[in-house]
Structure formats: structure tokens, C-alpha cells
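Undergrad: Given next are the chains, with one letter for each unit.
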Amino acid sequence: MDADLLLILPLVLPLAAAVLALLFRNVPRVQAGINLISMSGVLAASLGLLAIINEQGIQAFASGGWPAPFGIVLVADYLSVIMLIVSAIIGVAVAVYAIPNIDTERVHFGFYPFMNLLMLGINGSFLTGDLFNLYVWFEVMLISSFVLIVLGNTEDQLAGAVKYVMINLVSSLFFLTGAGLVYGTAGTLNMAELSLVLNEVESSGLVTIISMMFLISFGIKAALFPLFFWLPASYHTPPAAVSAFFAGLLTKVGVYAMIRVFTLLFTQDIGYTHTTMLMWVAGLTMVTGVLGAAAQNDFRRVLSFHIVSQIGYMIMGLAIYTPLALIGAVFYIIHHIIVKANLFLVSGVAQRLGGSFSLKKLKGLYAHHPGLAILFLIPAFSLAGFPPLSGFWAKLVLAKAGIEAGAYGIVAVAIAVGLFTMFSMTKIWVKAFLPGSSEPGAASENGTPERTPMTMGTRLMYVPIAALAAVTIMISVFAGPVFDLAERSANELSDSSAYIEAVLGHEEPAADPYTRLDLDRRSGGVHAR
Amino acid sequence: METLLAFVIGALVAVAVYQLQRRDLVRMVIGIVILSNAVNLLLFTLGRMTRAEAPLIEIGAKLPPEGSANPLSQALILTAIVIGFGLLAFSLVLVYRAYRSLDTVDAQDFVELEFDDA
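Line order of the protein sequences matches chains B and C.
Residues in the first sequence are numbered consecutively from 17, following the numbering used here.
Residues in the second sequence are numbered consecutively from 11, following the numbering used here.
Rather than coming from a laboratory, the hints here were simulated on the basis of the structure.
Treat the hints with caution; some may be incorrect.
Under the rule of at most 20 Å between Cα atoms (straight-line distance), these lysine to aspartate or glutamate pairs were calculated in the DMTMM-like manner [to be verified]:
1. B:K179 x C:D116
2. B:K179 x C:E122
3. B:K179 x C:E12
4. B:K179 x C:D119
5. B:K416 x B:E503
6. B:K416 x B:D285
7. B:K376 x B:D314
Here are some chain B residues the structure puts well away from chain C; computed CB gaps all over 12 Å [claimed, not checked]:
8. V156
9. G194
10. I516
Note that the structure is a prediction, hence the values are computed from the model and not measured.
Ideal placement from N, C-alpha and C gives every residue a C-beta, glycine not left out.
Can you make the complete structure from the sequences, with help from the hints?
TA: The structure is reproduced here in C-alpha cells:
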């Protein structure tokens with residue numbers, strides 16, 4: 017199929033599906049079907065895009081026929097397409113899971129349209145090659161996620177949503193400020209051109225300050241220390257399908273944006289931005305996340321804090337900034353999205369069978385539902401980095417990269433945090449799946465509650481969980497090919513010349529007449545190229 | 011002119027930060043509105059201030075005449091204003107709904123709500 021068409025399909029499909037789903041507002045079944053088709057379509061298109069990139073390299077599409085750097089370009093390199101594929105897998109899994117999990121009231125108030133709009137925002141963020149356009153996609157994503165998180169209007173949701181909305185609005189404004197400053201300094205918003213121009217700015221201190229604007233903005237979105245408190249305050253409030261979708265994808269869009277700008281744009285002062293700032297932030301994020309999780313007694317709050325700590329690993333890969341470390345970061349993202357979304361899906365089934373998300377109330381699920389217990393153990397062990405599951409390979413690559421680069425401190429932190437992760441997963445296992453202590457008034461003598469009958473809906477919820485567990489095992493068994501893919505992506509990230517050439521072509525781009533002319537007249541500005 | 015605007019933006023940001031630190035959620039929303047306007051002004055200033063002349067490209071020419079207004083920063087602001095307006099409308103309704111359900115707009119109460127269930 018045509019490469020340009022495949023590039024825009026991940027945007028057009030969810031948009032069309034959202035509109036169609038709105039038309040069938042009162043027919044939940046049709047909406048669910050449209051949603052499933054749209055998500056599967058995005059997955060197919062992303063796989064097709066991967067095949068094309070394998071053959072022909074990075075693909076760029078100038079929307080509206082305006083050549084870069086004047087128009088907005090969509091760019092698909094390995095990193096973009098990997099992110100597209102993994103998020104589409106989550107999209108399909110959640111589309112199936114949502115059918116029994118989302119009640120009709122929420123469907124009536126637009127669950128499916130907003131789910132598709134959220135997917136549109138996520139895919140747009142992965143594909144765009146323009147900084148301001150990235151801001152717009154972030155907003156599309158943000159406002160859809162605002163709606164999804166409050167949909168249902170329970171008190172918990174409202175309380176969580178207020179925190180989520182406020183902090184994310186501030187984050188967007190940081191992003192906008194950063195984008196504005198970049199334009200004022202470099203005279204362009206096209207990321208490929210920026211990659212060239214920002215290196216020529218004389219006052220490189222200014223560029224570093226601007227990069228910190230992006231660090232704060234994306235740090236809030238990706239839930240980095242010390243900006244992560246909104247995440248565990250809100251992710252446990254919506255239905256499991258929504259929180260799984262959020263947990264798998266939203267913070268990772270922040271991580272993606274971070275990797276993009278700190279490999280393509282801000283590589284002028286690596287000693288400060290990467291080796292100092294990002295490294296410290298990564299280490300502290302890992303530690304605070306995992307310690308926060310130890311204090312929690314709610315299934316999904318434990319998992320939420322672990323999202324925070326896992327984000328630290330991805331940023332660690334970016335901070336070390338060697339090719340191997342970038343491979344580790346990309347591998348970690350692939351592994352993490354699948355595993356984390358799956359754990360949230362499991363929590364939804366546990367809530368259905370055990371009646372609660374609270375680890376104080378859940379117990380003995382293993383006795384009657386051993387299948388669920390095994391499906392929990394696969395992602396849980398993988399999250400903790402148990403060999404030979406996918407998390408082990410991801411951590412191994414990162415640790416090896418850290419040792420090679422001489423960053424022993426962060427490697428020690430990463431390994432210790434892995435052990436604590438094991439502790440949290442064991443805690444969930446013991447409290448939710450093993451029989452509780454037989455207190456007086458317990459459901460039966462040995463602490464095992466009565467068996468909850470399985471409905472059709474619950475059975476259907478098992479399907480995506482089993483599928484995602486299978487994907488995790490596939491990543492573990494075929495770690496080699498996945499590593500290859502991550503390696504190709506890391507090569508592109510380390511050397512951005514291919515990206516720049518794909519977007520701008522061989523010709524020297526014409527200068528923006530406004531800022532460029534103006535800047536040339538000033539002594540401290542950009543020199544004409 | 012740019013210096014003057016820099017001070018205006020600085021003052022607006024200061025006001026916004028002050029409002030954001032209040033415990034009242036409505037004031038926090040107001041703080042965000044002021045902050046977003048400050049950022050919009052910043053975008054405008056960074057597009058370079060010129061005596062406005064429409065950026066129309068003469069027939070045959072490749073560039074607009076020198077000294078014409080920069081259309082790009084205006085397009086950026088326009089986009090940002092529209093997005094900001096949508097988000098403002100949403101957050102006002104959200105705060106109102108939260109007030110109706112939880113009977114409070116005090117940020118401190120929201121912190122306590124979070125730890126109730128733990």
C-alpha cells in the first residue's frame with residue numbers, strides 16, 4: 017500500500033470512528049464494533065508502516081502539500097512506528113475488554129468516541145515532525161483523557177480528575193512557552209530543521225534553559241520525580257479499561273516526547289541535560305515510585321506508583337545516552353506498555369470476582385480462579401525483571417549500558433528498585449490471591465471466600481489479558497528480534513541525519529523571513545546558514 | 011516595545027503563580043487563565059514586533075515585503091487561544107461538578123480525600 021496513506025491512516029481511522037460512534041450514540045453494540053475495527057485498523061496500518069520503513073527507511077509526509085519546513089510534516093521512523101504498534105495492541109486489547117467492563121451509562125455519555133479521540137491524539141503525537149503540532153496533539157490527547165477520567169461522575173473520579181486536570185494544564189503551558197521560545201530563538205518549529213539550527217545558536221545557555229522547559233512539561237506528563245503526584249492520585253479512579261489504557265499509554269507519550277526532543281533537538285550540552293539532570297531525575301523517580309508503592313493498599317494504587325518507578329528506567333536509558341542505553345530505553349518501553357496495561361486489566365477482573373480493588377478486602381482468588389492467578393504472575397514477574405521474562409531483558413540491557421558507561425550509581429539503584437518491585441508484586445499476590453488469615457467473620461474457615469460465578473462478560477475480559485500475556489511471553493522468547501528492532505531505532509536516534517534528510521531532503525531549506533532576518537541583525541542571534 | 015511587553019508578561023506570570031498557589035480551586039483556574047494569556051503574549055512577542063503591514067507576497071516574489079507582520083506567531087496564538095478556551099470551559103465545569111458532589115473547592119480537602127481510602 018501507499019506509504020503516505022499508511023502514514024495518515026493511524027490518524028484518520030480513529031477520527032472517523034469517533035464521528036461514526038457519535039452517530040450511533042444509542043446503540044452500544046455498534047459503537048463497540050466500530051471501536052474494535054478502528055483499533056485493529058490502526059494496528060494493521062502500523063504494521064504495514066513498519067514493513068515499509070524496513071524497506072525504504074524513514075517516511076515523511078508533507079500535509080497539505082506544503083514542503084518542509086513550512087508545512088506540518090508527519091514523520092515515521094522506527095521509534096514512532098514501534099510506539100504506534102505497541103499502543104495499537106493496547107488499543108485492541110482495551111477495545112475487547114471495554115465491552116463487558118464499561119457500563120451502558122458511560123457508553124451513552126460517549127466512552128467510545130473519546131477513546132478514539134484519545135487514540136488520535138496519541139498517534140498524532142507519535143507521528144508529527146513539528147513541535148507546535150506536537151503541542152496540539154498533546155491537547156487533543158489531554159482533553160479526551162480529561163473526559164474519560166471523569167466519565168461516570170463518581171466522587172472518587174471527580175476528586176482525582178481535579179488534580180489530574182490542573183497539573184496537566186500547567187504542564188501544557190510550560191510546553192507552549194518552550195515551543196514559543198524555540199521559535200523565537202531558532203525561527204522554525206520543524207523538528208528536523210530545529211535539529212540543525214539549535215546547534216548554531218550562539219548563546220547555547222539559552223537553549224539549555226529552553227530544554228529545561230521541555231523537561232518540566234514532559235516530566236509532568238511522563239510522571240517524573242518530583243512531578244508525578246497527580247498520577248497515583250487519579251489513575252485508580254476510573255473503570256479498569258480506562259485506567260489500563262491510561263497506564264499503558266499516556267505517560268509513555270510523555271517519555272516518547274522526552275526521547276524525541278532530547279535526542280533530536282537538545283544535544284548541545286549533554287553533560288548538563290542528560291548526565292546530570294536526567295540521570296538524577298531518573299534515579300529519584302525509580303526510588304520514590306517504588307517506595308510509594310510499598311505504602312499502598314489498593315491494587316491499582318500499588319500499580320500506579322510502579323508506573324512512576326518504571327518511567328525512571330526509560331529515562332535512565334535516555335540519560336546514559338549511549339547507543340546501547342537507547343536500545344535499552346526503547347526495549348523497556350515496548351515491554352512496559354504491554355505489561356503495565358495488562359496488570360491493570362487483571363485488577364479489573366480481580367475487582368469483579370473479589371468485589372473490590374482494596375487489597376484488604378481481596379483474598380483467596382487463587383483457589384477458584386487459578387487461571388487469573390497465572391495471568392497475573394506473568395506480567396507481575398516480568399515487571400519485576402524475573403528471568404527469562406521481557407522485563408529481565410530490558411533491565412539487563414540497561415544495566416549493561418550503565419556499566420559500560422561507568423554510571424554505576426544508577427545501575428545499583430535500578431537493581432535495588434527491581435527487588436523492591438518484586439516485593440510489591442508479592443504483596444499483591446499474597447493479599448489478593450492467597451487465602452487470607454482466618455479471622456472471625458471471614459467468608460469461610462480457611463479464609464477462602466465463596467466462589468464468584470463466572471459470567472460471559474468476565475470470560476470475555478480474560479481474552480485480552482491472555483493475549484497480552486502471550487505478547488509478553490513472545491517478547492521474552494523472541495527477545496532477539498525485538499532487540500534488533502530497538503537497535504535500529506536507537507541507531508536512528510543516535511544519528512539524526514537520516515531523520516533530517518527524510519524530512520528536509522537534500523536541498524538547503526529556505527529561511528523563515530521573519531525571525532531569521534530579524535535575528536541576523538542582532539549580534540547574539542542565529543547566524544545565517 | 012518588546013521590553014515593555016516582557017515586563018507585562020512577567021507581571022502576568024507573577025499574578026498567575028500567586029493565584030495557582032491559593033487553596034481555592036476557582037482561583038487556581040483563574041491563575042491558569044492568566045498564565046495562558048501570559049504565554050500567548052510571549053508567543054506574540056517572540057514572533058517579533060513590527061509596524062503592521064499585511065504579509066502579502068507580491069506577484070512573482072518569493073518572500074513577503076520586509077517589515078510586514080509575522081503571520082506564523084499569530085496563527086500559533088490563535089490555535090493556543092482556541093485550545094485554552096476549550097480547556098478553561100472544561101475545567102470550570104469540572105470544578106463546579108466537584109463542588110456539587112463533594113461540597114468543597116478547597117484544595118486541602120482534595121488531598122485528604124485521596125488518603126481516605128488508603
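Undergrad: Next step is simple, just say for each hint if it's right about the structure.
TA: Each hint tested on the structure:
1. Taking the CA atoms of K179 of chain B and D116 of chain C, the gap is about 12 Å. The hint holds against a cut of 20 Å.
2. Annotation: proposed proximity of K179 of chain B to E122 of chain C holds, straight-line Cα distance about 12 Å (limit 20 Å).
3. Between K179 of chain B and E12 of chain C the CA atoms are separated by roughly 35 Å; this puts the pair beyond 20 Å, and the hint is violated.
4. Distance restraint check for K179 of chain B and D119 of chain C: the Cα-Cα separation of roughly 12 Å lies within the 20 Å cut-off, and the hinted pair is therefore satisfied.
5. In summary, the hint linking K416 of chain B to E503 of chain B is supported, as the alpha carbons are separated by about 14 Å, within the 20 Å threshold.
6. The straight-line distance between the Cα atoms of K416 of chain B and D285 of chain B is roughly 24 Å, outside the 20 Å bound, and the hint therefore fails.
7. For the hint linking K376 of chain B to D314 of chain B, the alpha-carbon distance of about 8 Å falls within 20 Å, and the restraint holds.
8. Residue-level check failed: V156 of chain B sits 9 Å from the nearest beta carbon of chain C, not beyond 12 Å.
9. With a least beta-carbon separation of about 10 Å from chain C, G194 of chain B fails to lie farther than 12 Å from that chain, contradicting its non-interface assignment.
10. Here I516 of chain B stays apart from chain C, with its beta-carbon at least about 21 Å from theirs, past the 12 Å limit.
Against the hints set out earlier in the document, violations occur for numbers 3, 6, 8 and 9.
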